[in-house]
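Number of protein chains: 2
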Amino acid sequence: MKVRLDRIARIQAAMRERGWIAIVVLNHDDYRYLFGTDRAQPRALIPFQGPAELIAFTGEEPELRASLAAGEVRVFGSVGGQIHDVVGRLRELSAAAPASWAQDGRFKVGLQMWFATPAFLVDLFRQVNPEVEVVSSDPVMDPLRMIKDAEELASMTEAQRIAGVGMARARELLRPGVTAHEVATEATYAMMRAGAGGTSTPIYVNFGVETCMLHGRISPAPLERGQLVLVDLTPQIDGYCANLARSFVVGEPDARQAELIATYREIVAAVQAEMRPGVTTAQLDERAHAVCVAHGFGDYHVYGIGHGIGLRFEEPPAPTIIPPHRSLPLQEGMTVTIGHTVLAIPGFGGVRFEDVYRVGAAGPEILVDYPIEPVVSA
Amino acid sequence: MKVRLDRIARIQAAMRERGWIAIVVLNHDDYRYLFGTDRAQPRALIPFQGPAELIAFTGEEPELRASLAAGEVRVFGSVGGQIHDVVGRLRELSAAAPASWAQDGRFKVGLQMWFATPAFLVDLFRQVNPEVEVVSSDPVMDPLRMIKDAEELASMTEAQRIAGVGMARARELLRPGVTAHEVATEATYAMMRAGAGGTSTPIYVNFGVETCMLHGRISPAPLERGQLVLVDLTPQIDGYCANLARSFVVGEPDARQAELIATYREIVAAVQAEMRPGVTTAQLDERAHAVCVAHGFGDYHVYGIGHGIGLRFEEPPAPTIIPPHRSLPLQEGMTVTIGHTVLAIPGFGGVRFEDVYRVGAAGPEILVDYPIEPVVSA
Numbered sequence: 002m003k004v005r006l007d008r009i010a011r012i013q014a015a016m017r018e019r020g021w022i023a024i025v026v027l028n029h030d031d032y033r034y035l036f037g038t039d040r041a042q043p044r045a046l047i048p049f050q051g052p053a054e055l056i057a058f059t060g061e062e063p064e065l066r067a068s069l070a071a072g073e074v075r076v077f078g079s080v081g082g083q084i085h086d087v088v089g090r091l092r093e094l095s096a097a098a099p100a101s102w103a104q105d106g107r108f109k110v111g112l113q114m115w116f117a118t119p120a121f122l123v124d125l126f127r128q129v130n131p132e133v134e135v136v137s138s139d140p141v142m143d144p145l146r147m148i149k150d151a152e153e154l155a156s157m158t159e160a161q162r163i164a165g166v167g168m169a170r171a172r173e174l175l176r177p178g179v180t181a182h183e184v185a186t187e188a189t190y191a192m193m194r195a196g197a198g199g200t201s202t203p204i205y206v207n208f209g210v211e212t213c214m215l216h217g218r219i220s221p222a223p224l225e226r227g228q229l230v231l232v233d234l235t236p237q238i239d240g241y242c243a244n245l246a247r248s249f250v251v252g253e254p255d256a257r258q259a260e261l262i263a264t265y266r267e268i269v270a271a272v273q274a275e276m277r278p279g280v281t282t283a284q285l286d287e288r289a290h291a292v293c294v295a296h297g298f299g300d301y302h303v304y305g306i307g308h309g310i311g312l313r314f315e316e317p318p319a320p321t322i323i324p325p326h327r328s329l330p331l332q333e334g335m336t337v338t339i340g341h342t343v344l345a346i347p348g349f350g351g352v353r354f355e356d357v358y359r360v361g362a363a364g365p366e367i368l369v370d371y372p373i374e375p376v377v378s379a
Numbered sequence: 002m003k004v005r006l007d008r009i010a011r012i013q014a015a016m017r018e019r020g021w022i023a024i025v026v027l028n029h030d031d032y033r034y035l036f037g038t039d040r041a042q043p044r045a046l047i048p049f050q051g052p053a054e055l056i057a058f059t060g061e062e063p064e065l066r067a068s069l070a071a072g073e074v075r076v077f078g079s080v081g082g083q084i085h086d087v088v089g090r091l092r093e094l095s096a097a098a099p100a101s102w103a104q105d106g107r108f109k110v111g112l113q114m115w116f117a118t119p120a121f122l123v124d125l126f127r128q129v130n131p132e133v134e135v136v137s138s139d140p141v142m143d144p145l146r147m148i149k150d151a152e153e154l155a156s157m158t159e160a161q162r163i164a165g166v167g168m169a170r171a172r173e174l175l176r177p178g179v180t181a182h183e184v185a186t187e188a189t190y191a192m193m194r195a196g197a198g199g200t201s202t203p204i205y206v207n208f209g210v211e212t213c214m215l216h217g218r219i220s221p222a223p224l225e226r227g228q229l230v231l232v233d234l235t236p237q238i239d240g241y242c243a244n245l246a247r248s249f250v251v252g253e254p255d256a257r258q259a260e261l262i263a264t265y266r267e268i269v270a271a272v273q274a275e276m277r278p279g280v281t282t283a284q285l286d287e288r289a290h291a292v293c294v295a296h297g298f299g300d301y302h303v304y305g306i307g308h309g310i311g312l313r314f315e316e317p318p319a320p321t322i323i324p325p326h327r328s329l330p331l332q333e334g335m336t337v338t339i340g341h342t343v344l345a346i347p348g349f350g351g352v353r354f355e356d357v358y359r360v361g362a363a364g365p366e367i368l369v370d371y372p373i374e375p376v377v378s379a
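Chains as they are written, first to last, in the working numbering: chain G, 2 to 379; chain R, 2 to 379.
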C-alpha cells in the first residue's frame, strides 16, 4: 500500500474551497488512485483535514496497519459497525467544519456517482446520514484524475501493449469455424500471461451482423468466411485500462465492407488531425460526422467517437455518459480514445478501430501504434 | 433470444397485485432471466400488462427484431431518445392503470436496487420521472428468482463443475515460488477452455496473511513453503455463477493452520446438517458460531456462512448485504453456498471451504462434490 499523500492533500484543498466536509470512497478506482492498491471492498473516508481514514473489517485491520506508515491514515474496523463509524465521523467533521459551509443546515459530502456506485448504497447512505447532502465528487476528483502523470501513462501504455498481444493472438485464430468463445479464451490467456491483471469489461468478439451491436459480447455461432469480425480488448495493468478494438474480414471484403473499413480509417485520421488541447469531443464528433456524410453513411453515424480512459474504462471526458462533457475542452495530459463508436449498417454489420491517445500540446500521441490490418486471408 | 413469456406473465401478475405500473430492467441478470440472453447495455421495460418492451439503439433494432417471435416484445430504439421513450411509456401506463394504484398521485415502478444498479442512473430516473415512485423490484422478482428450475440448476451445476476444473489446475500449480497471478491466469484459462463465459468476480488467489482478507484479490509476493493459500473461483455458464473456495497449505500445516482447517471442516459439516427448508441463515450462522466457540475461535467468528447464488454472485437470501435476509426461511429449490466467511486469525491467516448446494426437501444437495484436500506436498 502506497498512500498518495500528495493527491490526498490536493483533494482536501479542493474540498475546503468548495466547503465539503468529506469524500467517501466506495469505488475501486478512487481507492487505487489514493492508496496505490485495491481490495474487494474498497472503503475510505477523506476528511477535509487530517489523515485519510480506511474503513476495514476487524480481521483485516492488522494487515492494513502493517502496510501503512504511521500517521498516514487512520484505520477503523468493526464487523457490521462500519456504517455506524461513518455516521459518527461525519458528525464530528460537521462539528469541526466552518458553520458557513452548511446550506440549510446540511454539510456536503462527495461520493463518486458513476456506474460502480450502487444505488442502494447511496440510498442507505442518505438515510443514515440525513444531516449531510450527497454531492457528486466529480468536481473535486475529475481535475486531478483527468490529467495523467508519467507513472499513470506508463501503466496505461503497458496495458495497451498487452492489448496488442491479445489482438495478435485473436487475429491469428480467425478462420471459418472458429468460435468467438475460443478467440476470447485464447486472447484472455495471452493477455494474462503477458501480465494483465484481468480485463475492465468482458471481452467482445462479434461476427457478422452482431458487429452492429454497441458493445456486443460473444457471438454464439462459429465464424463464416466473408463475415465481419469485431474484437474489443480491455486488459488492465495496476488498475489502468487499455482499449483496443479492431475489425477484420476473413477473406476478401465485399464492396460494402470495404467501404465501411475505408470510411472508418478516414474517420480516425480526421479525428487525429483535430485532436489537440482546447478542442471538445463534440468537435471531434463533427469531424467524424462529416466523413460519414461524405461517404453516404450520414444516417448511420453515431456520436461519441472518443472518451477519457484511465482507472475507469470510460471516464471524463465521457460524452456518451455525461452529455455536458461534449463541450469539455481537451487538456494536455488527458488520455482519450478515438474509435469508440461503431459505424454500422443495421442488419449488415459494423466496423471500428479504437486506440488510446495522450492529448499532447501539438496533437495526439498514440500510446501504442498497433497496426490496422483488417483483411485476414482465409 | 428466448423470451421467457412464462416468467414475464408471473411477474406481471405480481406487479398487478402490488399495483405497480412497470418494472424497468437495467441489469444483466434480470435481462437474462427474462430474455434468455445478455447484452452490454441491457434495457427493458415490463409493463403491468401487454408485451415486454426492449429498449435498444436504432442500429441494433433489426438484429433484435430478427431474434424475436412476432408479438413477443415491442422494441423501441432511438439514439439518445431512450430516456424520452421511457418517460413517455410510463405516462401512458400511468394513464392506463387503475387510479387506486397511485399513492399521493404517484404510481410505483420497480427497479432492481443491487450492486450493479448505478446510483446516478436511479437519480436520473427519479429526476425525469417525478410522477412515479421508484421501489425495489425485489418483492416481485425474488420469489421467482430464488427458486431454481431444472434448466437453471443444470447451468449452475455445469458452472460448478468447471470451477472444479479451475481448482484442480490451481492446486497442481501450488509450489514455493509460484505467483498468485500465474495461478489465476492458468485457472482462468482452464475454466474458459472448459466452457466458462468468464467469471462473476475477479479470481481470488491469496497467500499467507492475506488469506485474512474478506475476498482478497491477487497476492503480490510469490508463495512460500508453509503459507496458507486461499483460492476462490466464480466461473459462469449462461450467466449462472459458480462459487468454489478452497484453502491449502504447501507443506505440513503447523498446529494453528491444522486447527483452523479442522474447525472449518467441522463448521461445514455442522451447517450441512442444519440446512433444510424452514431454517434461516441466522440459524446456520449460530451453528457455525458454536463450532468456532468450541475450538476457542469464538472471537474470530464472522457471520454470513452462506448466501443465495444464481444469476447474481450473491443473491437472496443475502444476509451479509440485506440484514433482514438473516431471518428469511430457506425454501426447497433455493441454491445457497456454505463456506462464505473466512475463519481467520488476524495477522496470521484464514481458511474456508465453500460450495453450492440446492436446498432439498430432506437437506442440502451439493451441486458438485469437489474434494477438500488442503495439504499440498511440496
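Everything labelled a hint here was simulated from the structure, so no lab data went into it. Hints should not be assumed to be uniformly reliable.
It does not matter which identical chain is used: a pair holds within one copy or between any two.
[As the list claims (entries may be wrong)] Below are the SDA-like pairs computed for lysine to any residue, each with C-alpha atoms no more than 20 angstroms apart in a straight line:
(1) K3 x P221
(2) K109 x A14
(3) K3 x A222
(4) K109 x D300
(5) K3 x P52
(6) K3 x F314
(7) K3 x H326
(8) K3 x S328
(9) K109 x S95
(10) K3 x A270
(11) K109 x M2
(12) K3 x C293
(13) K3 x F77
Cross-check of the supplied hints:
1. Taking identical chains as interchangeable, the C-alpha atoms of K3 and P221 lie at most 20 angstroms apart only when they sit on different chains, with a minimum of 13 angstroms there against 43 angstroms within one chain.
2. Proximity of K109 and A14 under a CA criterion of 20 angstroms is satisfied intra-copy only: 15 angstroms inside one chain copy versus 42 angstroms between copies.
3. In the homo-oligomer, the alpha carbons of K3 and A222 lie at most 20 angstroms apart only across protomers (16 angstroms), although the nearest pairing inside one protomer, at 46 angstroms, exceeds that limit.
4. Proximity of K109 and D300 under a CA criterion of 20 angstroms is satisfied in neither setting, with 45 angstroms inside one chain copy and 38 angstroms between copies.
5. Taking identical chains as interchangeable, the C-alpha atoms of K3 and P52 lie at most 20 angstroms apart only when both belong to the same chain, with a minimum of 14 angstroms there against 54 angstroms between chains.
6. For a Cα distance limit of 20 angstroms, the shortest separation of K3 from F314 qualifies neither inside one copy, at 23 angstroms, nor across copies, at 31 angstroms.
7. Taking the shortest alpha-carbon separations for K3 and H326, neither the intra-copy value of 32 angstroms nor the inter-copy value of 38 angstroms comes in at or below 20 angstroms.
8. Taking the shortest Cα distances, K3 and S328 never come within 20 angstroms of each other, neither inside one copy (35 angstroms) nor across copies (41 angstroms).
9. Taking the shortest alpha-carbon separations for K109 and S95, only the intra-copy value of 9 angstroms comes in at or below 20 angstroms, while the best inter-copy value is 35 angstroms.
10. For the identical chains of this complex, K3 and A270 are neighbours neither inside a copy (40 angstroms) nor across copies (41 angstroms), given an alpha-carbon limit of 20 angstroms.
11. In this assembly of identical chains, the alpha carbons of K109 and M2 never lie at most 20 angstroms apart, being 29 angstroms within a copy and 46 angstroms across copies at closest.
12. Taking the shortest alpha-carbon separations for K3 and C293, neither the intra-copy value of 47 angstroms nor the inter-copy value of 35 angstroms comes in at or below 20 angstroms.
13. Taking identical chains as interchangeable, the C-alpha atoms of K3 and F77 lie at most 20 angstroms apart only when both belong to the same chain, with a minimum of 18 angstroms there against 49 angstroms between chains.
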